[in-house]
Amino acid sequence: DGGITQSPKYLFRKEGQNVTLSCEQNLNHDAMYWYRQDPGQGLRLIYYSQIVNDFQKGDIAEGYSVSREKKESFPLTVTSAQKNPTAFYLCASRSRGSSSSGANVLTFGAGSRLTVL
Amino acid sequence: AQTVTQSQPEMSVQEAETVTLSCTYDTSENNYYLFWYKQPPSRQMILVIRQEAYKQQNATENRFSVNFQKAAKSFSLKISDSQLGDTAMYFCAFMKHGIRNNNDMRFGAGTRLTVKP
Numbered sequence: 001d002g003g004i005t006q007s008p009k010y011l012f013r014k015e016g017q018n019v020t021l022s023c024e025q026n027l028n029h030d031a032m033y034w035y036r037q038d039p040g041q042g043l044r045l046i047y048y049s050q051i052v053n054d055f056q057k058g059d060i061a062e063g064y065s066v067s068r069e070k071k072e073s074f075p076l077t078v079t080s081a082q083k084n085p086t087a088f089y090l091c092a093s094r095s096r097g098s099s100s101s102g103a104n105v106l107t108f109g110a111g112s113r114l115t116v117l
Numbered sequence: 001a002q003t004v005t006q007s008q009p010e011m012s013v014q015e016a017e018t019v020t021l022s023c024t025y026d027t028s029e030n031n032y033y034l035f036w037y038k039q040p041p042s043r044q045m046i047l048v049i050r051q052e053a054y055k056q057q058n059a060t061e062n063r064f065s066v067n068f069q070k071a072a073k074s075f076s077l078k079i080s081d082s083q084l085g086d087t088a089m090y091f092c093a094f095m096k097h098g099i100r101n102n103n104d105m106r107f108g109a110g111t112r113l114t115v116k117p
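So the protein lines, in turn, are chains V and X.
Note that the first sequence covers residues 1 to 117 in this note's numbering.
Note that the second sequence covers residues 1 to 117 in this note's numbering.
If we strip away everything but chain V, and leave its shape as in the complex, we get (with noise of 0.2 angstroms):
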């Protein structure tokens, strides 16, 4: 089946330790993007790349950083110097392509829930 594997699920990190999720898609899908949930409130956007090496910072790209070498890979690394990384990461994909039902919409992970000890 089509779809997009985060992982770890869970992961706990030690201050000042650099840490890296994992998000791999075999979608074909062009663009991915890396969106950080926190309680009760709605996703922020860290970064996102619409093409094999090229991204662009989102909202709150400060204290993380990603790369795109594989069409279906998207790792995002949270560096020590993110002052809160405890929260919720969610990685998505989406296709390129005309106004059709299935174009332009985000399929996302099951997320990855990031513990800082």
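Please note that a few of the clues may not be correct.
Keeping only pairs whose Cα atoms sit at most 20 angstroms apart, straight-line, the calculated SDA-like set for lysine to any residue is [unchecked claim]: (1) X:73 / X:22; (2) X:55 / X:27; (3) X:96 / V:54; (4) X:96 / V:51; (5) X:73 / X:41; (6) X:96 / V:50; (7) X:96 / V:56; (8) X:96 / V:55; (9) X:96 / V:20; (10) X:96 / V:45; (11) X:73 / X:5; (12) V:70 / V:41; (13) X:78 / X:20; (14) X:73 / X:20; (15) X:96 / V:105; (16) X:55 / X:70; (17) X:96 / V:70; (18) X:96 / V:58; (19) X:96 / V:26; (20) V:57 / V:26; (21) X:96 / V:107; (22) X:70 / X:29; (23) X:96 / X:58; (24) X:73 / X:109; (25) V:9 / X:44; (26) V:9 / X:41; (27) V:70 / V:50.
Honestly, the hints are just simulated from the structure, not real lab data.
Based on these hints, arrange chain X on the given structure of chain V.
Frame of chain V; chain X shown alone:
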């Protein structure tokens, strides 16, 4: 930048009744997409319904329909015959249209809907 506002943090409805969730947005764009996503307790984001701004006809998906008022920049979601499985967070989202645009999706803060038996 586009903003999405959901003014109802929490709502409840009796099973089998109808409920309407509100959403307003701010944009200077003429062509864009609007979405409602559902996030049940599993935290998996699920697309409920999608509307293209150039279409005057309101989108419908089974028990879910929208009231899209472009001039008022309003996009409400109506859930008919509410079911217990509709209990979830509901997010309104906006995305600009067009390949050349930075097609990032922006979300509202969400409305927590509880369907009571």
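**OP:** May I ask which of the numbered hints given earlier this structure violates, with the numbers listed in increasing order?
**Re:** 5, 9, 12, 17, 19, 20
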